[in-house]
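Participant: Note that the sequence shown covers residues 1 to 101 in the numbering used here.
Calculated directly from the structure, the hints in this document are not laboratory data. Keep in mind that the hints are not guaranteed to be accurate.
Stated by the list, open to error - Restricting the straight-line Cα-Cα distance to at most 30 Å, the calculated cross-link-like pairs of lysine-lysine (BS3-like) are: (1) Lys35 <-> Lys54; (2) Lys8 <-> Lys54; (3) Lys85 <-> Lys49; (4) Lys8 <-> Lys35; (5) Lys49 <-> Lys35; (6) Lys43 <-> Lys54; (7) Lys8 <-> Lys43.
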Amino acid sequence: MWMVFVEKRTDIQQLVRSSTPSPLMIQDLVIELVKIRDVNNVKLSLCDKCVYMKPSTILFMLEHEQCVEHAYFDLCQYTNIVSEKFDCFVSYLRQNCIMNK
Numbered sequence: 001m002w003m004v005f006v007e008k009r010t011d012i013q014q015l016v017r018s019s020t021p022s023p024l025m026i027q028d029l030v031i032e033l034v035k036i037r038d039v040n041n042v043k044l045s046l047c048d049k050c051v052y053m054k055p056s057t058i059l060f061m062l063e064h065e066q067c068v069e070h071a072y073f074d075l076c077q078y079t080n081i082v083s084e085k086f087d088c089f090v091s092y093l094r095q096n097c098i099m100n101k
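Please build the complete structure, drawing on both the sequences and the hints.
Facilitator: Quick look at the structure:
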């Protein structure tokens, strides 16, 4: 998803700087400019979850794509490690519950 996000950099920059923006879709990710307390914010929505960022944060991310890409891949690896450890933990708990009955 991050790579597609970076590929759409120009579209995202135009959206953030637009005075009359329309939502931008990148696969299942919806990017739109919304006002919160009369301040423009970028809303990123994916799978019924959303995060709000300042337009300057989005632009900053795009300027530092290599750093963000590195951090993104690290986070993905950490997420996978945590998921694997959680699965092992759940498996261990299930085995002990079955053996203790």
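Participant: Against each hint, give a clear statement of whether it holds in the structure.
Facilitator: Each hint tested on the structure:
1. Lys35 <-> Lys54: 11 Å, holds
2. Lys8 <-> Lys54: The hint holds at about 18 Å.
3. Lys85 <-> Lys49: Given that 30 Å is the threshold and the Cα spacing comes to 25 Å, the pair holds.
4. Lys8 <-> Lys35: OK: lysine 8 and lysine 35 at ~23 Å, within 30 Å.
5. Lys49 <-> Lys35: 18 Å, holds
6. Lys43 <-> Lys54: Given pair lysine 43, lysine 54 holds - Cα atoms ~9 Å apart, limit 30 Å.
7. Lys8 <-> Lys43: Answer holds: lysine 8 to lysine 43 is near 16 Å, not above 30 Å.
Of the numbered hints given earlier, the model fails none.
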